[in-house]
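Chain A is fixed; fit chain P onto it per the hints.
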Amino acid sequence: MKRIVVTSDWHLDAVTAGVRRFEEIASAANTTATKAIESRADAYFFLGDLCDPDAGSCVFRCVEVALKIAERLAKAKIPSYWLAGNHDVIEDGSGDTTLSPIRSLSSDYVTVVEQPSTFGMVFGVDFGMNLVVLPYVATSRRYDPAAFVRDSFEKRRDDFARHPIVVAGHLNVEGIVPGSETEDMPRGRDVWFPYEEVCRQIDDSGVKRAVLLNGHYHKAGAYAVGGKGSRAVHVPGSLARLTFGEEDYTPSFLTLEIPDGK
Amino acid sequence: MASKRTKAATGDRSPVENIVIRSTRLDEAEVTGLLTIRSLAEVDDLVAETNGATAHGKIVRLIQAHDDPREKLDDAAEALRGAGALAVRVVPTPRSKVVVDKPGGEERTPAPRQTSAREIVRTIIEEAKTQDRAALVAHAEEIMGRASL
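Residue numbers (this note's numbering), protein chains in the order written: chain A, 1 to 262; chain P, 263 to 411.
Be aware that a few hints might be false.
[As the list claims (entries may be wrong)] The following label-pair restraints were derived from C-beta to C-beta distances:
#1 A:G56 to P:E292: 19 to 29 Å
#2 A:G95 to P:E304: 40 to 50 Å
#3 A:G120 to P:G344: 55 to 65 Å
#4 P:G344 to A:T139: 28 to 38 Å
#5 A:S94 to P:V383: 17 to 27 Å
#6 P:D337 to A:L67: 45 to 55 Å
Honestly, the hints are just simulated from the structure, not real lab data.
By construction, the Cβ of each residue, glycine as well, lies at the ideal position given by its N, Cα and C atoms.
Only chain A is shown next, with the shape it has when bound in the complex:
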């Protein structure tokens, strides 16, 4: 059994009705890491939106939280993947994000994903998993998510057919009703998760085990955006109720459990 902890949308710089939420969210973020370490997870995914880069001096504290968690996980030999969201990008043409400082820890155990990427993850000697990552599209680093997915499947079709695949993004998902992440905390522009292309490629390539994950949305849920019975997009949701539009949300994170074997 391989176990992957998935969390997203920390927004460590959040302020609600004048109350700074940093301590609460930092504590919750550490809880996810503790859970990963205690459960001896095989990987840890952060799906974007650490904090806004222009949120002031608290950005340093927010980045420090992420750095320390990445370091904790690395010491426990848990690979962590840090995916940039729409709130993370610094739109100055550099392509940098609030996650960029974590690059200083880059190793087999820490990976910052600021551009679309594909990873072949190896667990032990006989078990692999493929990871297709679709971060938010910064204006300075535009890409076509659907084309990237298509190319990734074409280039690695044999490998994709043999192992489970996780497609993880921080994009808009057609079919999910926007919540406070859009109404109260807008940033950036609409870039759509290539749901139909992903499903088509999975079906065509004979992939038997696949999971679609996406950050950005603060309300956790499994969204069957293709209709009842369709492949769901799993959203971990944020770790705190950040705005009054989120009063009834349940802050949470996900754990994927993937049985060994094919």
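Same frame as chain A, but now just chain P:
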């Protein structure tokens, strides 16, 4: 980032081709609650019925009706703080339209804003991908003409 407003079903965290996806809720004791109170009467009820326990430890938004006297709002906010609310923010009632008195006692409803600044900028950026500069300027001027900023 706006999203298309098609409602999707939210399903269980059921197995996906024998991959199990579990959702772990954070301990409610560690998560700050948010509470919206929509009238002064609701504050009275809340304090009377639960001794304010509902507001305890929460960040509270108290919606102010346009005729609520300021001193009553202050008293209500104080009562909520006394009941253990973490913070209380008084906010005006959101209004979808505003009725303005005109000379002579006649009333009119202002035309709603047609286009937000964000929509304009987003549209211009999208147009910039495909149009030449002259066409872009013409288009920007056209939508600015329609906008009420």
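Going down the list of hints, with the structure as the test:
1. A:G56 to P:E292: 19 to 29 Å: 25 Å, holds
2. A:G95 to P:E304: 40 to 50 Å: Between G95 of chain A and E304 of chain P, where Cβ atoms are some 49 Å apart, the hint holds.
3. A:G120 to P:G344: 55 to 65 Å: 59 Å, holds
4. P:G344 to A:T139: 28 to 38 Å: At 49 Å between Cβs, range violated.
5. A:S94 to P:V383: 17 to 27 Å: About 21 Å separates the Cβ atoms of S94 of chain A and V383 of chain P, which means 17 to 27 Å holds.
6. P:D337 to A:L67: 45 to 55 Å: 46 Å, holds
Violated hint for the displayed structure: number 4, the only one.
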